[in-house]
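J.: Protein sequences, first through last, are from chains Y and R. Residues in the first sequence are numbered from 1 upward in steps of one, following UniProt numbering. Residues in the second sequence are numbered from 1 upward in steps of one, following UniProt numbering.
Warning: the hint list may mix true and false statements.
List of simulated lysine to aspartate or glutamate pairs, EDC-like, C-alpha gap at most 20 Å [stated by the list, open to error]: (1) K50/Y - E812/R; (2) K885/R - E843/R; (3) K435/R - E48/Y; (4) K602/R - D473/R; (5) K112/Y - E48/Y; (6) K472/R - E48/Y; (7) K454/R - D413/R; (8) K550/R - D603/R; (9) K432/R - D84/Y; (10) K632/R - E697/R; (11) K112/Y - D67/Y; (12) K844/R - D794/R; (13) K95/Y - D473/R; (14) K694/R - E542/R; (15) K441/R - E500/R.
Calculated from the structure, these hints are not laboratory results.
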Amino acid sequence: MAFTPGQPVTAVVQRIEIQKLRQGDNLILGFSIGGGIDQDPGQNPFSEDKTDKGIYVTRISAGGPADEAGLRMGDKIMQVNGWDMTMVTHDQARKRLTKKNEDVVRLLVTRKSLEDAVRQSMTRP
Amino acid sequence: MEDYDVRSAASILASVKEQEARFEQLTRALEEERRNVNLQLERANLPPNPSTSQPIPWQQVVMQEQSPSNATSLAMMQEPQEVVEETVTIEEDPGTPTSHVSVVTSDDGTTRRTETKDLTSNVKVTKMVKTVTTRTVRQVPLGPDGLPLPDGTSPLGSYTDSIDRRYMKNGGDRFITPQATSTLTRSYNNSYNDSYGETPESQYVRHYGLHDGYVDLADNYGSLSRGVNFRPPRYPYMPNSYRPENSYTLPIRKDDYGHVAQPQVPMGSSTVDLNRSQPERFQPEPYGLEDDRRSLGPEEEEPYELEPDYSTANRRTLQGANRGRTHREPLRDGPRVRGYADDPIEAELIDERHPYIHGMYSAPLAQPERGSMASLDRMGGRRSPSIDSIRKDPRWRDPDLPEVIAMLGHPIDPVKSNAAAYLQHLCYENDKIKKDVRQLKGIPVLVGLLDHPKSEVHRKACGALRNISYGKDNDNKVAIKNCDGIPALIRLLRKTNDMEVRELITGTLWNLSSYEPLKMVIINHGLQTMTNEVIIPHSGWEHEPNEDSKPRDAEWTTVFKNTSGCLRNVSSDGAEARRRLRECEGLVDALLHALQSAVGKKDMDNKSVENCVCIMRNLSYHVHKEVPGAEKFQDPSSLQAPGSAGPQRKKKDDAGCFGGKKAKEEWFNQGRKNGENDKNYDTLDLPKRAEPSKGFELLYQPEVVRLYLSLLTESQNYNTLEAAAGALQNLSAGQWTWSNYIRATVRKEKGLPILVELLRSDSDKVVRAVAIALRNLSIDRRNKDLIGSYAMRDLVSNLPSGQQRPAKNLEEDTVVAILNTIHEIVTDSSENARSLIQAQAIEKLVAINRTSQSARETKAASHVLQTVWSYKDLRNALTKDGWNKSHFQPTVTATPKATKNGKPGYDDTTLPLMEKNQDGYSTIDQRDKDCKYKAGDGSVDLTEREPLKNDTNRKHYIRSNRPAVSLVDACDVKPQPVDSWV
């Protein structure tokens, strides 16, 4: 998925809703993110386009809320609760995900397998 | 028969008499009428007399509705209502010479005679009258004074008051401040400007519609208070936002925003411009009128709603005037009328009901370039009454944003420029409006105007863009970029010689450069242009210095400041950006020259110097790996280490946040090795050069050391100090020949005491940069010994003692940096470890190790302690002081790293720790927080501070607070925030 800053991104997206898990004072989503416009995109192991500074899911804690909601490692997060995540800093993304007053996050993610599936279905007559 | 005759004669006589009588009557009526007309004319020419028999309220009303220019409106209003018929007049007007008035009058008489028969004649007369009136209006300026409408002043004043009052009553909500009316009148100018700042929405008219009068009046503003008096009726609400005029003027404002990189300029500046450019823009008539036309836009479907405030007033006026509803309508419709030409329906309506309006306004529209008008204006003293009337016309409302944006595309240039200026004003510190402008697609239009040939237009467009580009909303910046605004700005920079425009361009670029994704775009389009057009000329540097002339000093102009700020921002965009800047012809030379000139003049606390040093610092980052031919200079000892140089290393350098720990450790090993080799450099011969170095080579020539040390000695600006120390830190970091020279040169130039002195700085970041620089410098063995002997106390005194932070309360990063420096110094030097003990450091280290809330501090302190304990010959002394081995052991209870992020323990408990495996993702790094963009475009901190030799091309430069990498456990201090658990 080519990504040019400032250009609209087209992608096959999936909606994922994660109910945060409350542990004491902490709300847990159970995954970790990497990337952001302030990060070196070349080091992102998940992106196809190595200039993509998007936010990617880097790890999923097994059995955690994100895992149960169907989030996968390597997913690229496009939106969080409607907020664009394709042009944010790492920390902005983190903050957006970890709002204390939100128990649910709705993600719009895209993943390679999704894209491939769609591409295939489209090439087939 | 006779009888009959007589009778008939008598009857004839009677009828004749009757006719005579009637004729006389008619004549009298005519006379009366003529007198009336004359009176009107007179009134038009002379200040209207408040005490006229005409009902005063009526007149007032007129003024409100029609035009403040007294004479005109009065005359018009007095005409019989039926005047409506008079559409035609307008057409003729344009061509008619000024003298027309009189002619008309005479015509009038004629007409009347001809048509005397019935009352309808009145209508016609009226018609004529009307025509006359219009002209009269124009003539007013011609009046005896020759001054712009001075005659009307006094009478108007009284009117004004009443009008204002009324306004308050009627339009209370909109015009909030009644009381100040008088003030207003007197100080129109002030209130005008001021109100701009307050209620942008409602001010449009003033600015826009007034434009002509504005320009024309420019002179009057200062000197002629009388001219000013004319406006008040229109802006009764002004007093509300009354502020002294100067609050509006630029310089003062600017100061307020000192902290901001690119202060947005309030309209004041444009005001100035307007005044300045007055002669050029002298096209008052068409302008104002055209202006009106735009207001027709489809948006104005509901004029009534738009002007609720006026309705009451109108009604009242009408009643007073004893007028029918018809008249009221025109009043309300007033604003639309102007555009009617574009709107058939509207036009029709107008034709039916209030032709006079039509005539009034549309005439100019039809012929914007009316010669006669212009000449009139010129003769009459720079202002055209009809415009005035529009200006003061209370029916004017402020245009809304879509209208303003639509006006950017108006065929007439002054409209464009005023729309842009108004936008600039609206956007001033108003993020909402900026966003609206973007969503209404106003930005591409503004960008398009940058290429406009008229300076007035592109200047205003640029001003608007600068304000729009300012702020946290990066979408605005992206929008500018998406419509090719950056190349357009650069084109304009190349084209224009207008200093102010250049300031606006570079200011906009500075704002844009604060957003990461745009940096490379700016480099691609504008680097060489900015360098050639601004940096080089203003730096005083010359390609081929003239031997006769003294080298020029740098000029710290705003343009230079803006441009250097922009380059400072873009210089932090990673290796490629650095390469481009280094290879940009003349850039490094010019920056260096500017800095040297600053040092020479002892003028180094300003922002431009700060920007220059920051660029130099950023460009110095990784010079030892990134400059072409760097391999040749690699230290032989480091070449032995496999993969330490060349392409392989390059690759590792890229191992930004997503990895790269290995490269770093490797580096440190080499560093240590180098340290040993450095003994040889105690007596170091600097390489002799055949020709003077230029371009990027200048970055790492030992000569720069003196420059940075001068800055470190003299500057009071923390940012400059930090950057200068950072530059030394970067230069002394590599393991190539040049960094060896640099390290030795710092010592020879007596730089170490200067640096140590700065450890006492009150500024956290200065202390941190200096500490890291000292650490890099201590790679040189001789430096290490010296630093160990002389800097230890200052280093230690910066450490928190126990749980209490020292007065300075340094940040965690700084403390870690200091600990790492101490570690470097005591490594391989038991002598230095002894100094450490003597500096009472152990107690602090143990305390940090045991009690610090920061895992990184704990770890760093623990490394130092372990190293100290490793010197067996020191253990005796240590045990004597009451320490034992346990104090030097790493604390088992190291807090999980997660605590740093305020998410205690989560990842450690629920998740397998993965930081060491997968792609080197470290867990969390709260330092991410530092990455926030100073969206303020302040750009102050948008610079990259290089973490020591931490080989990552990480882009999160801001987080630069990151300390040097700890020698022992790199992974903790490791920079990458790449990965956050959520």
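J.: Tell me, which hint numbers fail for this structure?
T.: When the structure is compared with the hints, numbers 1, 3, 4, 6 and 15 turn out to be violated.
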